[in-house]
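Chains A and C, in that order, are what the protein sequence lines are. Residue numbers for the first sequence follow this note's numbering, so the first one is 37 and each next one is one higher. Residue numbers for the second sequence follow this note's numbering, so the first one is 22 and each next one is one higher.
The set of hints was computed from the structure by calculation and includes no laboratory data. Any given hint might turn out to be false.
[What the hints assert, rightly or not] The calculated DSSO-like cross-link candidates involving lysine-lysine, where the alpha carbons are at most 30 Å apart (straight line), are: (1) Lys44(A) to Lys249(C); (2) Lys64(C) to Lys249(C); (3) Lys44(A) to Lys100(C); (4) Lys142(A) to Lys249(C); (5) Lys40(A) to Lys130(C); (6) Lys130(C) to Lys329(A); (7) Lys40(A) to Lys132(C); (8) Lys329(A) to Lys132(C); (9) Lys100(C) to Lys219(C); (10) Lys64(C) to Lys189(A); (11) Lys44(A) to Lys193(C); (12) Lys244(A) to Lys142(A); (13) Lys193(C) to Lys219(C).
These numbers come from a predicted model, not from an experiment.
Each chain, letter by letter, is given below.
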Amino acid sequence: MNFKRWLKSVPYSQRIAPYVFISPFIIIFLLFFVYPAISTVIMSFQEVVPGHVTFVGLENFRNLFNADFYKAVSNSLIYTVITIAVLIPLPLVLSVLLDSKKMVGKNFFRAVLFLPALVSVVVGGFTFRLIFGEMPTALLNSILALFGVQPVKWLGGPAQWTTFFALLTLCTWRWLGVNILYYLSGLQSIPTELYESAYIDGAGAWQKFKYITIPLLRPVTVYILTISIYGGLAMFLESFMLFNGNRSPGGAGLTIIGYLYRLGWEQANIGYGSAIGLILLVITLSINFIMLKYAGLFKRGE
Amino acid sequence: MIARKKSVFSGQSAIMLLLFIVMSIITLTPFASIFLASLRPGKEIMRQGLGLNLDTSVMTFNNYIYLFSGESDYFIWYKNSLLITAVQTVLTLFVSSFVGYGFAMYDFKFKNFFFMCVLIIMMVPMEIIMLPLFQLIIKLRLIDSIWGVVLPFIAGPMPIFFFRQYLSGLPKDYIDAGRVDGCTEYGIFFRIILPLMKPAFAAMGIFIGMNSWNNFLWPMIVLNSKEKLTLPIGLNALITPYGNNYDLLIVGSVFSVIPVIILFMLFQRYFIAGMTAGGIKG
């Protein structure tokens, strides 16, 4: 009897309650994250065909040394680097301009530049596919024609850079406004006294930007850098939509996840797909831990 | 002297204004082109791509008429998307705030370890574990069901992180007061804390809802029967090389974006709070 009452009171004790509160997370984490993650590791050493599983050792990883995989990795890396090169400096400068006292219509422009973030990758992707169409009447080519430029085959054309340009444009269109929001919210936390005393010391606009704004926005920059690395390495749907599927001429739009999707889903080669997933997992986790260690990403919140 | 200085300043303002007007025009161009395209015959779009031209002699409202004629599955997708978005948003808000409260208000053994787990999910692209997750969903008989789409993500790392941050800012006196009044630990959460969290719910709700409304890859993998598809999946299925569905595709896209834009205009403050929630405030 007493024991029963005690048992009933256990979940109400202050010592047990926190575990009850976080228990939904623990269950979801174990079931829908840890278990699939372990499966990925196991299956990457197996050949999995429906109803039949064989251990093949490092075979799947050995198969990865092929031109398609290199192409996928290099595309993903280049995409990550160029998006970071654009989507950190550009929103940084734009948000500082928006935040300045000389600017009018700050809220209006902030809202307009944010609008693309509301659009799904499906709608945004096929819109850009048709804007970057190879026909002379498609928007970009028709604008270039005004300057006497011949129509360009942007997507999967003979030069790889045109594909990257289309991907970069789509990415910038969708995320510029979001990153501006991040920087604007970071700018609110810089005390104005800093700028005032810098002004008294005779600092110009550029010096204030360089010695106050940039260093104090560092946490925001690190955060954007982290999500950009994540987004860049995991990029797949943008390319999938621009090329109307996972097949692009000469693998122009092939990414790591795209390659995983091709092998794992389209060719039902689950073991091979898992090996790719595992490699990407190792890449992302190591980059993140390096960031964590040297940039102190999560220290701010503590 | 002062007058001259002033004119230099307004000159700077004018240049900045011009810069942002140009940026805004570029940003809005895809919206304009897709809207104009909704007034053109779909075959023409297929042949010519998107542009800013509108030939008034072939301008037509047929696309809109077709959309509302109910001949397509469009409004079935719409209804499914609304349902999934609603279920996902409500469940995720509830579960994540519950968990976030545990992390924010208590000190317990392995707290840092468990919180590290939250951060790890945030760092790992979901696509990596997509294959085994899909197999698991089959085993759990959640395939082709809304629960298969929603359940794996109801303890979202971003919302948990956000609620933890938000609740850490609340004074702990509330809890002590609740305990003195004889509330149980859960009573404190449900009766005292939940009502205080309305702004946080609004911000995160919009963030989760928007992601859910636009979610594409995972729903496409889980859902496969025709009457269960969501808007992004249905629209994507219309993109065929033959282009015979571009009428519906374009006008359907316009109609999938409009409600989100209206919501954004009405609740801009919460959108921004939700987007900048990722621990920026520190």
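Comparing the hints with the structure gives:
no. : hint                   : result
1   : Lys44(A) to Lys249(C)  : violated, 42 Å
2   : Lys64(C) to Lys249(C)  : holds, 28 Å
3   : Lys44(A) to Lys100(C)  : violated, 43 Å
4   : Lys142(A) to Lys249(C) : violated, 42 Å
5   : Lys40(A) to Lys130(C)  : holds, 26 Å
6   : Lys130(C) to Lys329(A) : holds, 24 Å
7   : Lys40(A) to Lys132(C)  : holds, 29 Å
8   : Lys329(A) to Lys132(C) : holds, 20 Å
9   : Lys100(C) to Lys219(C) : holds, 26 Å
10  : Lys64(C) to Lys189(A)  : holds, 21 Å
11  : Lys44(A) to Lys193(C)  : holds, 26 Å
12  : Lys244(A) to Lys142(A) : holds, 21 Å
13  : Lys193(C) to Lys219(C) : holds, 18 Å
The structure fails hints 1, 3 and 4 (numbered hints given earlier, in ascending order).
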